[in-house]
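Starting from the given sequences, assemble the full structure and let the hints guide the process.
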Amino acid sequence: MNKDQSTKSGRYWSDLSKLARSAGPPPVDVHHAVMAAISKSSAQPRDVRSTSLLDALNQVMASALMKPALAIVAVGACAIGYLGYRELDALFLFSSFVI
Amino acid sequence: MTHPGARESIAGTHSFILQCPIMTDPDLESIQRARGGDTEAFGSIVEKYQPILAAMLHRFAISHADLEDLVQETFIKGWKALPDWKPQMPFAHWLRRIAVRTGLEYCRKRKRSKVVTMEHLPEIPDAEVRQCPEEALDTARKLLATLPPDERALLTLIHLNGMSIEEAADHFGWSRTKTKVRAFRARNLLRKRLQRQGYE
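Top line first, the protein sequences correspond to chains A and B.
Per the working numbering, numbering of the first sequence is gapless, rising by one per residue and ending at 99.
Per the working numbering, numbering of the second sequence is gapless, rising by one per residue and ending at 200.
You may find that some hints are simply not true.
[What the hints assert, rightly or not] Reference listing, derived: stretches of chain A covered by chain B, where coverage requires no fewer than 3 residues with Cβ under 8 Å from a Cβ of chain B: (1) 7–19; (2) 23–36.
[Claimed, not checked] Distance condition first, Cα-Cα at most 20 Å in a straight line; then the derived DMTMM-like pairs of lysine to aspartate or glutamate: (3) A:K40 x B:D38; (4) A:K18 x B:D138; (5) B:K48 x B:D69; (6) A:K40 x B:E73; (7) A:K18 x B:E167; (8) A:K40 x B:E40; (9) B:K86 x B:D38; (10) B:K77 x B:E40; (11) B:K192 x A:D15; (12) B:K48 x B:E73; (13) B:K178 x B:D150; (14) B:K180 x B:D170; (15) A:K18 x B:E134.
These aren't lab readings, by the way, just hints derived from the structure by calculation.
Virtual Cβ for every residue (Gly too), placed ideally from N, Cα, C.
Below is the structure:
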C-alpha cells in the first residue's frame, strides 16, 4: 500500500480500515438456534468409529509403500493378461489342428 | 442422545490424555462429550465461543441478521465436523478456521454491490475519516462489497481482521506470492472505486 498511501484514496482507506478494526462486535446469542438445529437427527456429528476407519484407510493409502505396491500389482495384472492372451492364442492354434 | 461407540471414543481419549500430559485444552472434556453426541456439552461450547466468533465474523456481515446466521452456521459446521478435530489442535483455532471459511463462503454467495453509497463517504475536500468505529466499519464493509468476492474476503481478513499475508494465504490455500498479488490488485480496484467518487 506504499504507493496508495500517497494518494487521497489510499490515505482515506488506510484511516478508515484502521478505525473500523477497533469496532467491537454487537452482542450475539445463537445458543437456542444452534441447539434447535443440532437436535435434529440430520444434523448429528458423524460416527466417530466410521471416521476413524476412514482415517485409517487414508493413512494406509498415503503410506510410502502404497505407491510401489500399486505399481507392482498393475504390472503383474498386465503380465498375467498378456500371458493369458498368448496362451489363448496357442489354444486356438492347437484346437484348429485337432478339429 | 449418545452415539454408539461414544463410550469407547471417550475412553480412548482419556487414555490418550494420560499418555500426553502436555495437552491442556480447557474445553477438552466438553468437546469429547459433544463428540459423543452430548448436545448440552456443545451448548456450553456455544456459550463460550459465540462472542469470539461474532468478533471475527461481524467484519464480514453486512447486517446483524447476517452476523447471527454466520455464527450459527459456523457452530453447526463445527458440530458436524467434530469427529475431525484432533486433540493436538487448539480447539479455538480450529473453530476460528471454520468461521473464516464461513465468512469466505458468505462473500462468495453475496452479489457484488455495483454502487458505492455516497452518503457514507465524507466530502472530498475534507477526506479525513471522522466517524466512530462502528460507522467506519459499516463504510468499509460497503466499500468492500463492491469488489469481487475473493478480493472482498481477502481485504476483510487483512485490513479489518488484521491478519498477516501468511495467515490469509493459509485460509485461502494460496501461496504467499499469489496472496500478495491478489491483495495488491484488490487494493488497486478499491482505489479506482474511490477515485470514481472523486478521491484522486
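* In ascending order, which of the hints set out earlier in this document are inconsistent with the structure? -> Of the numbered hints, all hold.
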